[in-house]
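*Asks:* So you can see what is in the structure, the chains are spelled out below.
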Amino acid sequence: MRLELRIWRQPRRDADGDFATYHVDASPDMSFLEMLDVLNETLTEAGDDPVAFEHDCREGICGSCSLMINGRAHGPEPGTATCQLHMRKFRDGDVIRIEPWRSAAFPVLKDLVVDRSDFDKIIQAGGYISINTGSAPDANLIPVPKRSADLAMDAAECIGCGACVAQCPNGAAQLFTAAKVSHLALLPQGQAERDQRVLRMVAEMERAFGSCTNYGECEVVCPKGISIEFIARMNRDYLKASLRAGSGRPKGSG
Amino acid sequence: MAVSGIALFGFVLTHMLGNLKLYQGAEKLNAYAEWLREMGSPALPHSGALWLLRAGLIVAVVVHIVCAYQLTRINQKARPVGYKRRATIQATYASRTLRWGGVIILLFVLYHLGHLTFGQLHPDFVAGDVYNNVVVGFSVWWVSALYMVANLALGLHLYHGVWSLFQTLGVAAPRGGDWRRGIAAAFAFVVTVGNLSFPIAVLTGLVG
Amino acid sequence: MHLDAKIPDGPIQEKWDRHRFEMRLVNPANKRRFEVLVIGSGLAGGAAAASLAELGYHVKCFCYQDSARRAHSIAAQGGINAAKNYQNDGDSVWRLFYDTVKGGDYRSREANVYRLAQVSVNIIDQCVAQGVPFAREYGGLLANRSFGGAQVSRTFYARGQTGQQLLLGTYQALSRQIATGQVEMFPRTEMLDVVVSDGRARGIITRDMVTGEIRPWSADAVVLATGGYSNVFFLSTNAKGCNATAIWRAHRRGALFANPCYTQIHPTCIPQHGDYQSKLTLMSESLRNDGRIWVPKDPSESRAATAIPADERDYYLERRYPAFGNLVPRDIASRAAKAVCDEGLGVGHGGRGVYLDFADAIERLGKPAIASKYGNLFEKYERITGENPYEVPMRIYPAPHYTMGGLWVDYNLMTTVEGLYATGEANFSDHGANRLGASALMQGLADGYFVLPYTIGDFLSRHMGEEPLPTDSEPFRAVTAEVDERLQRLLSINGKRTVDSLHRELGQICWEHCGMSRNAGGLRSAIDSIRELRDEYWTNLKVIGSGDELNQSLEKAGRVADYFELAELMCYDALLREESAGTHFREEHRTGEGEALRNDEEFAYVAAWQSTQPGKEPILHREDLDFPNVPLTQRSYK
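Chains as they are written, first to last, in our numbering: chain E, 1 to 254; chain R, 1001 to 1208; chain Y, 2001 to 2638.
By construction, these hints were calculated from the structure, which means they are not laboratory data. Quick caveat: nothing in here was measured; it's all calculated off a predicted structure. Keep in mind that a hint or two might mislead.
Straight-line distance between alpha carbons at most 20 Å, and here's what the computed SDA-like set of lysine to any residue pairs gives [unchecked claim]:
(1) R:1084 to E:19
(2) Y:2496 to Y:2462
(3) E:146 to Y:2373
(4) Y:2542 to Y:2484
(5) E:89 to Y:2140
(6) R:1084 to E:4
(7) Y:2556 to E:42
(8) E:146 to R:1109
(9) Y:2102 to Y:2628
(10) E:89 to Y:2379
Just chain E, with the same shape it has in the complex (with noise of 0.2 Å):
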């Protein structure tokens, strides 16, 4: 199959980028990124510089590729991160325009490469548990409901790689924070810094991103397909914080 790309291109951080049109020859088998594996060949052979592109571990976990595809965060199908996406899912002929994430928070620092590193500043804000290695208790000791559990783990499968912001029309980083805020506030370990947590987060995240107005588009291209429901848990948990902490008794300052 026959393809022509319209890839974005900018050289380096401050730098001016256009669009550039490539034509490749694909195979119906290949992921999306061999695909452009395939051009980045090719232009290395011609001398051209190679479209950088951010993939890692290519089998759907590690969060690293980003890419615009036609509009959609990771392209057309769903529940389905970029380096699993397969080119059986376009056709001979297709345009496909790729461009990387767009968002104040996530500046290009090359071509199709973002800088994603807000996303850790939300986390080191306080999406953790505080507890110094060696200090645990048996693990058996808290009993944690099966459904708790279950569905921590739902939340927890966030990868982190920025979708739910990119498609967001506002730029918004609500799903990912909810996804952390949600995953340590339905377990038992996570109650005694539940509201400092909520409350720092999402200053940390308003801060760098632009704010929820509940358009839902983040879930449907979430490649974990995160449910905005956990944006409704986080919103409540936000709310008592702020309340408690307005009363002068947080939760967890004892």
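Here the structure of chain E is known, so what remains is to put chains R and Y in place on it, guided by the hints.
*Replies:* Relative to the frame of chain E, chains R and Y by itself:
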């Protein structure tokens, strides 16, 4: 947005319900309007309670608009460089038209105040004779059309607004069985149908 | 050089306790005077960085990914072993120790393995306290499953994403320390060399992968937690970025490299489907619990799998290993698949695949039961291949997956370079010649959380008051210049071939001659071919762009250059080891029935190699292994 929204939901619902008195005839409707003005007397002066409610409403509207403006600015700044192409996948028409819908509703409300509340924009306004003002006002076809268009916009705004309210205040529902959508749709439907019925009733001669 | 593993005296059960008591401590006020560099942010690196920071050390942590959360530990699916005996099925520290030594085909160090089994229980406690959402029973307690042929259920898991959840636990602990300022994190930063002076590691040289800046870092100790080298085969289940540069540069600066020929080939991966293929995808081993593996009996078979009648199929594992059938250990399953494909019986692209058939299981248990067990794996398979495994058999083939070899370390996880540590897959220590399923995560976390934080303190306590070497000193300047020169050289070759095309060719040589089965002639020819291709690499490589920008080709070029050297050492090691042990199968050394034949008399040792110039033979050092606690036996799965 959500808290001011709740006040405004309450207003649009009671406004619609109150206006249903149109179907009971001039006497009842005008009496209702008068009752609104007399509420709280004699403890409060004439129209005192009404103005208190109006003040609350104005605060809610201002808060709603200021928040919407700020949110819009934040979200514009969150994506300074846009996409050449961004698909819409499951975002509803209502959610995508929320901002412009809000602007349309605001402009309509200003017109509506001048038309049926204070009368400056009304061709034949008689203070206190609400029934007559409505019937005369809606007899002009394009005025009715304007009302109907604005109320459809209001319906969409309410649909997304009510659903968002649940989400923002943390009332969760599982994917697939989202009862919140049903409530939002029902609320928007009731208010919109009620409001649309008034100009239709006048134009079809049902009321008049 | 005398290799002293520094194994503590006393009965094996008491060694670690005794050692912990005998090791010197650094008092809390002094800890903050020490700085430790941790390279890699996976389970081993992230856990070490977080734990050291919690103790009060200053830590700088580096990773090549854009975030510490993306280290390749994240891709482990199956689970993590621990001798908790929550299932009351007879597990114990001793049994986990015994299984691991036996599973490693008696080529690991008993004392290390025993310690691993001991601390395994602490790992689960720690992870649960961090909020890792392990699978649970309805009563709310932790669930276990059996894995990798173990007779007890000791594997803890979080759906098929155990590695991800454990890594995120580590990443969160690390994030907490980054927030306090105790850890400085440097993502998108690649270590390109280690600075060794007077036999001691003094720091490292890194390249900022966005700006290209080459920077020296000085510290009191350096920890390499950079994973394995399966990507030497080009096609493997490792992430594309996984590389051996850190451990290889350390090796070139004096750290011995142990058992490089022990590379694990995982039996159940999706086969290669084209020449453009960039990586192989693992399908969980659990599939073998219900799937039956077969090939057509007739090499000229051209019918669709479902159209081949039962009596024209060869269920070769069930036939050759009636006792274990489709559940034989990884190395045996992998070799058997290769053998039938070599006979021309393979299916799919290039005849490199065998069927893994669920038709019988679906008939016996019903489709819903199979879907509930393997639904997500079936979906994944269909996403990649476009075939529906409920209707046609899966096709699978072995793929490089994990490397047991790595930098030689003593009981304290220190390499032969003083102050230079290696943890997790980067070292050689715990898995011998074959790693059991669900043990990689265990080792990474054991090293990072519970071993290194103690042992590094003992080392640092002996260097109290010494100042780290300034980064403008001669040793740092010399290594920085070498790094610069090397990068410039790669950029200036300006030949005709891309990094990937040469890497792919290197991988084919290694896979063909130093993969699932090896022989002396093949290994010798591989060494020659590797040298030849390496010469071409340094004369005909084409890398576009410059060094002072984000340049993914340049990153790859440096890594592959190191793989060329490592590949040669791997072949030397395989050539030397005139026996078959675990994953290392020498065709000359097998039983009459074609099974692996160990030679304990001559080869019960760790082969630790000292670097010479590339193209010259490396120098062998031996660490003899003895097994006072687990009697040596020949493995049998008949």
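*Asks:* So, for every hint listed, does it hold in this structure?
*Replies:* Hint by hint, here is what the structure shows:
1. At most 20 Å may separate the alpha-carbon atoms for a hinted pair to count; residue 1084 of chain R and residue 19 of chain E meet this at roughly 9 Å.
2. A threshold of 20 Å between alpha carbons decides the hint, and for residue 2496 of chain Y with residue 2462 of chain Y the separation of about 52 Å lies outside it, so the pair is violated.
3. Distance restraint check for residue 146 of chain E and residue 2373 of chain Y: the Cα-Cα separation of roughly 17 Å lies within the 20 Å cut-off, and the hinted pair is therefore satisfied.
4. Taking the CA atoms of residue 2542 of chain Y and residue 2484 of chain Y, the gap is near 18 Å; set against the 20 Å cutoff, the hint holds.
5. About 42 Å separates the Cα atoms of residue 89 of chain E and residue 2140 of chain Y, which puts this hinted pair outside 20 Å; it is violated.
6. A threshold of 20 Å between alpha carbons decides the hint, and for residue 1084 of chain R with residue 4 of chain E the separation of about 16 Å falls inside it, so the pair holds.
7. For the proposed pair residue 2556 of chain Y and residue 42 of chain E, the alpha carbon gap of about 17 Å is at most 20 Å, so the pair holds.
8. Between the alpha carbons of residue 146 of chain E and residue 1109 of chain R the distance comes to roughly 52 Å, so the proposed pair goes past 20 Å and is violated.
9. For the given pair, residue 2102 of chain Y sits about 13 Å from residue 2628 of chain Y by alpha-carbon distance, which is consistent with the 20 Å threshold.
10. Among the hinted pairs, residue 89 of chain E with residue 2379 of chain Y is consistent with the structure: their alpha-carbon atoms are about 15 Å apart, no more than 20 Å.
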